[in-house]
Structures are given as C-alpha cells and as structure tokens.
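Construct the complete structure from the given sequences, taking the supplied hints into account.
What follows is the residue order along each chain.
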Amino acid sequence: MLPEVFAGQIFGREDCLHSGGDDRGHLRATYLSDLPDKLTFLKIDQGFSKGLLFDQKMSNLYYGGPGGVLSFALHRRAPSHISEWHFARATFQYSRPEHENSLVYNFAGGARYVHLRRLEPRGPFRFYAGGQADLTGDFRIIPAMGNSFLFANALGSLQPRVDVSYALLLFDREWHFDYSLAASLIGYNLGFPEYGTSYRIGEDGGSTLQNMESFLTHPGNTAQISSSVFYRHSFGNEYNPNWFRIGYNWEYLRLDGNHELRLYNVRHQVVLELYFLLN
Amino acid sequence: MVLMAILFSSCEKIFMEDQAGDDPATVFDEVWTFADRHYSFFEEKGVDWDAIYEEYHTKVRPDMGQVELFDLCAAMLYELRDGHVNLLSSFDRSRYWEWFLESPENFYYSIVQRHYMKDRQRYIGPLQFVRLEEDIYYVYYSSFANAISESNLNMLINTLNSAGGRPGLIFDVRNNGGGSPDNARDIAARFTGEQRFAGTNYIKNGPGHEDFIAEEVYINPHEGPRFDGDVVVLTNRRSYSATTYFAQYMKILPNVTLVGDTTGGGGGIPAFRDLPNGWMLRLSSSRFLDPDGNSIESGVKPHVSLDLSPESLREGRDDIIEKAIEILR
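Which chain is which? The protein sequence lines are H and F, in order. Residues in the first sequence are numbered from 7 upward in steps of one, following our numbering. Residues in the second sequence are numbered from 14 upward in steps of one, following our numbering.
For the record, the hints were derived by calculation from the structure and aren't laboratory data. Be a bit skeptical, because a hint or two may be false.
Said to hold, decoys possible - Taking CB as the label site, the calculated pair distances span:
{"#": "1", "chain 1": "F", "residue 1": "Y121", "chain 2": "H", "residue 2": "F54", "range": "31 to 37 Å"}
{"#": "2", "chain 1": "H", "residue 1": "P72", "chain 2": "F", "residue 2": "L326", "range": "56 to 62 Å"}
{"#": "3", "chain 1": "H", "residue 1": "T97", "chain 2": "F", "residue 2": "P267", "range": "30 to 36 Å"}
{"#": "4", "chain 1": "F", "residue 1": "R108", "chain 2": "H", "residue 2": "R268", "range": "28 to 34 Å"}
{"#": "5", "chain 1": "H", "residue 1": "L80", "chain 2": "F", "residue 2": "D105", "range": "53 to 59 Å"}
{"#": "6", "chain 1": "H", "residue 1": "K56", "chain 2": "F", "residue 2": "D105", "range": "44 to 50 Å"}
{"#": "7", "chain 1": "F", "residue 1": "W110", "chain 2": "H", "residue 2": "K56", "range": "41 to 47 Å"}
{"#": "8", "chain 1": "F", "residue 1": "H316", "chain 2": "H", "residue 2": "P72", "range": "53 to 59 Å"}
{"#": "9", "chain 1": "F", "residue 1": "L326", "chain 2": "H", "residue 2": "R268", "range": "55 to 61 Å"}
{"#": "10", "chain 1": "F", "residue 1": "E115", "chain 2": "H", "residue 2": "F54", "range": "54 to 60 Å"}
{"#": "11", "chain 1": "F", "residue 1": "R108", "chain 2": "H", "residue 2": "I147", "range": "38 to 44 Å"}
As the list claims (entries may be wrong) - Which residues of chain F face chain H? A partial, calculated answer using Cβ under 7 Å:
{"#": "12", "residue": "A87"}
{"#": "13", "residue": "A88"}
{"#": "14", "residue": "A227"}
{"#": "15", "residue": "I282"}
Said to hold, decoys possible - Counterexamples of contact, computed for chain H against chain F with all Cβ distances above 12 Å:
{"#": "16", "residue": "L67"}
{"#": "17", "residue": "Y68"}
{"#": "18", "residue": "W91"}
{"#": "19", "residue": "R95"}
{"#": "20", "residue": "G129"}
{"#": "21", "residue": "G143"}
{"#": "22", "residue": "I192"}
{"#": "23", "residue": "G202"}
{"#": "24", "residue": "N246"}
{"#": "25", "residue": "L283"}
A quick note: this is a predicted structure, and the numbers were derived from the prediction, not measured. C-beta atoms are modelled at their ideal positions from N, C-alpha and C, and glycine is treated no differently.
Right, here's the structure in full:
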C-alpha cells in the first residue's frame, strides 16, 4: 500500500481540495506527487500476523497461529508515478490445538516490484493504478512428520493493483487514509515435495531431499489477493518529510499443485510502516 | 480498519476449501485415502485395497468411540503387513510385528557380551569394537539412529589397517531396528574401492498405485581411510529399515559375506499424514529393488543362512558369530 497524500505545510505549500462546495470544502493537503523532484525513501515494515494454513500435501486440515513480518523497501516517488522494491521475510508458527505434535514452522521471504501511475484526482481522493511483480519463497517444516517434514513453494505472479488515498479534516486536523487492492492476473507455482514425501534414499545411498529437477517439473497455478487499509501520519519536518503508517493488511493465497493438491494461506496482519527520506 | 478485518475474516472461507471433519467416517476415509494414494506396496503384496475398503467401511458407526475407531483403522492397516505402517494416537500405536515375531530371535546380547566382548570392547561412538582373536575383529552397532561420525569410522578403519596381518571384520547389525540411511551409506562406503550399483529406488510421485519415479542408487568409495579386507555382516529378522538398506549396500561388495537370517525388510521410506482428530498416520511411500530386480521390502537374504541352535545357546555360544569367525579364518 503506497501513500499518496502528504500532510499539509511540510513543504511550505498547500493545495486546497474542494469537493463540490459541501462541508468538506475546508479539506487541505499537500500532495507529494505535485512536487517536481523525485524522492526516495527507505521503508521499514514490521507487524504481527494471524495466519491460517491449509496444505493438502500435509493434510486436509487448517493450521492457525501467530507470526511476525519484517520487510525493507526502497520506495521512490515521482510526480507521475510511484515505484517500490520490496524485500520481506515472515515467520509463523502454526498448530492444531487438538494435536500437540502438529507444530508447523513457516518461513517466507520474497521480493516485489511495484509500479503505479498517477490518475486524475477527484476531490479529496487520489488514485493510482498499475501493478506489481511478486516473487516469494515459502518453507514449512513439521518436525512430527518425519520423512515428510519439509514442504516448500516458490511463487511468481503479476498482479494489477489500485491504490486510493483520502484526506479528511476532522477536529481541526487532517487524517490521511490509504487503501490498496491487488489481485493476481498471472501466477506460477513451483511446489515441493513432488508428491508427499520430502525425504528419500538418494543416488549415493544416503537420505536426501527430493532434487530440484522434480521440483521444477511440477508447477501449478496461483491466485493471490492482498488488500490493506492504513492510517498515515507525518512526523518529519520541512527538510525531512518522514512519515509512518499503521494499518491492517489481508493476504490470500491459493496454489494449485500437481494432482489437484491445493494450498491456501491467509494472513491477517497489523503493520507499522516507517518511511525515511534518503535524498 | 477493524471493519475491514472483520469483513475479511468472515468472508475468506468463501475462497477456501472446507476442512475435513473429525467424525468417525471422515477419519476412516482419510486413513484409507492417504494409504490408497501414497502406499507403495499394493501391487507387490497383492493387496486389493478397494476390497479392503468395502470390508471395513461398513463397520464405521457415527457413535463409535475413539478407541473403537482406532482399532478398526488399525485392523485395516494391518492388512498391509508392513512394519513401517503405524497409526499414532495419544493412547496407542498400531503396528505390524509379524516380520520378526514369527522368526527365531537369533541374537542374545548377553551371550555376545558375556562370551565374546567380555567387557574388553572399545566404544567408538555408537560402535562396540573388540578383537576376538588374532586377525579377527568384531563390531556391534545397535541402532542406525545413533549417529556415527567420520572420526568414529576413521578410528575403526585405521585400527583395522594398522593391525598387521590380514585382519577380518565381523560387523553385527542384528536387532538393529534402523534409523538414518546416511549412516548405512557412510559405513558401506568404507568397504569399497570403487563405485557399486546398489539397486533402484522407486518413489511415489502420484496417486496411482504404480505411480513412481525411479532413481539408481550407488555406493561410492569414501575418499578417506577404507578397509579392503574381508567383512562378514551378521543379520537377523530384527535388522529392519535402514539396517535392511545397509545389508543390501554391503551385499553387493565382493569382499563382504552376509551371515544369519534374512533381514526384517522395511524397504519403503515412510510418508506421514496428520489426521483430523489429532492422530498421525505413517506408511511406506517408496520401494527399493536390488540389482536383480528383487524388492528388499521383505528383507535381504544372507549368503549363509543360519539360526542359533538351542544346544549352542545353552553353552553360551553364538553360532552366527562362530560361522563368521570360520569364514574369516
């Protein structure tokens, strides 16, 4: 989710947003994209999650539990567009209450490139449309499953995306909200293990993980949706326009592997994002 | 934000699969279906799994208790006659042990300890090592689950190679119930100077009973210290799983003789499944054929088949060790 509206007066200028002469006519805000310069920010995300996992290679059961997310991004803003290189890692610990041995350790990491074009503004709203390319690796370890202890996926997808920002003046101050929605258009999934057992007797007679060749020859499709809403607040000054956002992010993932073995993963995340100007 | 979280939490199930229930019929079907799709020995053992479903599923009742359901599923799984098939719950573990219960014991540790090692053995990691007589050495390895290090094996091999004369080694893996195939491979690699074809591993890669991918398995010589003298490997029916692999790896080496009873088998690497009611199911999901195309699931036959005689037992003698000594002399 990329912010559009910036708090007024930080850059010593104001744009007035009149929305048809109603009682919101007093809204005012400064838009970063109106600035002539290109700005680059370091973005740091951290948050807590509640996840739900269903992987038919493991079982026909849902595993739930808490997790943490930490990510870094280079966030670039220009008058005409926004782009972002995003690197994230997440750790989850899922379980099933009725089976104490069913702990699932989930580690995920990935990179994302976002590119959004600015559209015509309407009243207090600012719109961006574009897309993102996503590449994610996901490892799930279940110690109790012995020779079937490791499951992994590598995912690639292209997702159209829209962002909307809204500035509201209430109680004599500005409140900025951002909304983002992305859904996959094209997705590709590489799943591991090939079928049900991640360990086997290898070519040299020892135990080994199934090799990358079988990993690569068994792709499937993916479906991804992410939707988030953030409250944004500036804490910088005229020379250093830093800001933070706090909000809620929902991510949905469906993978269709070979032999119709499906995986679903849903994450509800409360995220704090910090933006620090680099140039 | 709160509204959005509530909205997505309540609506997301629309996009997701229903979870399996934990009623007896669903649990039973999960057990049967996982076996149907992942078990690797239906054809080899001539098991008609569909017929078994017809026989057992009629006995499932909605009101049956956990223990009754467990016993029913365990009885169905018993039809697979496989020591690697277990249903695991908090109150029991189903099992198939006929592969050793119906065979002679052929190993008594107390006899080995009292009459052969006599408290003279050296513990090299998990190995008990003793010199029985001039040029004849004995090693007992009780479990392939006990990790054996490179330095353990270096010590063993260097001791043999520096013994002078032409030493022979008895490697006893009787009652060794298995563990890590890595240990089996690492030990076998110490007794060959060239790459040897050990067999072909077939791994389940689809739901059909004969959906497998094949991979040839070789034993490659270790680059460090190796022993090229004569070796006798001792096996019995309780030499199971990774120990059966070890017996197969050693059997293909020209300087190795297997003596004792056919190993217990366990030639399939297990796959696991978490069941809806918290139980776990384990079953074989691969199979291994030796270079002649014979499955090792029912065991690796020794070159010299031999049981312990009651007379020898009364005298505290281990006929299988005695035979090994005779071969090495």
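Here's how the hints hold up against the structure:
{"no.": "1", "hint": "F:Y121 <-> H:F54: 31 to 37 Å", "in the structure": "violated (59 Å)"}
{"no.": "2", "hint": "H:P72 <-> F:L326: 56 to 62 Å", "in the structure": "holds (59 Å)"}
{"no.": "3", "hint": "H:T97 <-> F:P267: 30 to 36 Å", "in the structure": "violated (51 Å)"}
{"no.": "4", "hint": "F:R108 <-> H:R268: 28 to 34 Å", "in the structure": "holds (33 Å)"}
{"no.": "5", "hint": "H:L80 <-> F:D105: 53 to 59 Å", "in the structure": "holds (57 Å)"}
{"no.": "6", "hint": "H:K56 <-> F:D105: 44 to 50 Å", "in the structure": "violated (34 Å)"}
{"no.": "7", "hint": "F:W110 <-> H:K56: 41 to 47 Å", "in the structure": "holds (44 Å)"}
{"no.": "8", "hint": "F:H316 <-> H:P72: 53 to 59 Å", "in the structure": "holds (58 Å)"}
{"no.": "9", "hint": "F:L326 <-> H:R268: 55 to 61 Å", "in the structure": "holds (58 Å)"}
{"no.": "10", "hint": "F:E115 <-> H:F54: 54 to 60 Å", "in the structure": "holds (57 Å)"}
{"no.": "11", "hint": "F:R108 <-> H:I147: 38 to 44 Å", "in the structure": "violated (27 Å)"}
{"no.": "12", "hint": "A87", "in the structure": "violated (18 Å)"}
{"no.": "13", "hint": "A88", "in the structure": "violated (23 Å)"}
{"no.": "14", "hint": "A227", "in the structure": "violated (11 Å)"}
{"no.": "15", "hint": "I282", "in the structure": "holds (5 Å)"}
{"no.": "16", "hint": "L67", "in the structure": "violated (6 Å)"}
{"no.": "17", "hint": "Y68", "in the structure": "violated (5 Å)"}
{"no.": "18", "hint": "W91", "in the structure": "holds (26 Å)"}
{"no.": "19", "hint": "R95", "in the structure": "holds (23 Å)"}
{"no.": "20", "hint": "G129", "in the structure": "holds (22 Å)"}
{"no.": "21", "hint": "G143", "in the structure": "holds (22 Å)"}
{"no.": "22", "hint": "I192", "in the structure": "holds (18 Å)"}
{"no.": "23", "hint": "G202", "in the structure": "violated (5 Å)"}
{"no.": "24", "hint": "N246", "in the structure": "holds (27 Å)"}
{"no.": "25", "hint": "L283", "in the structure": "holds (26 Å)"}
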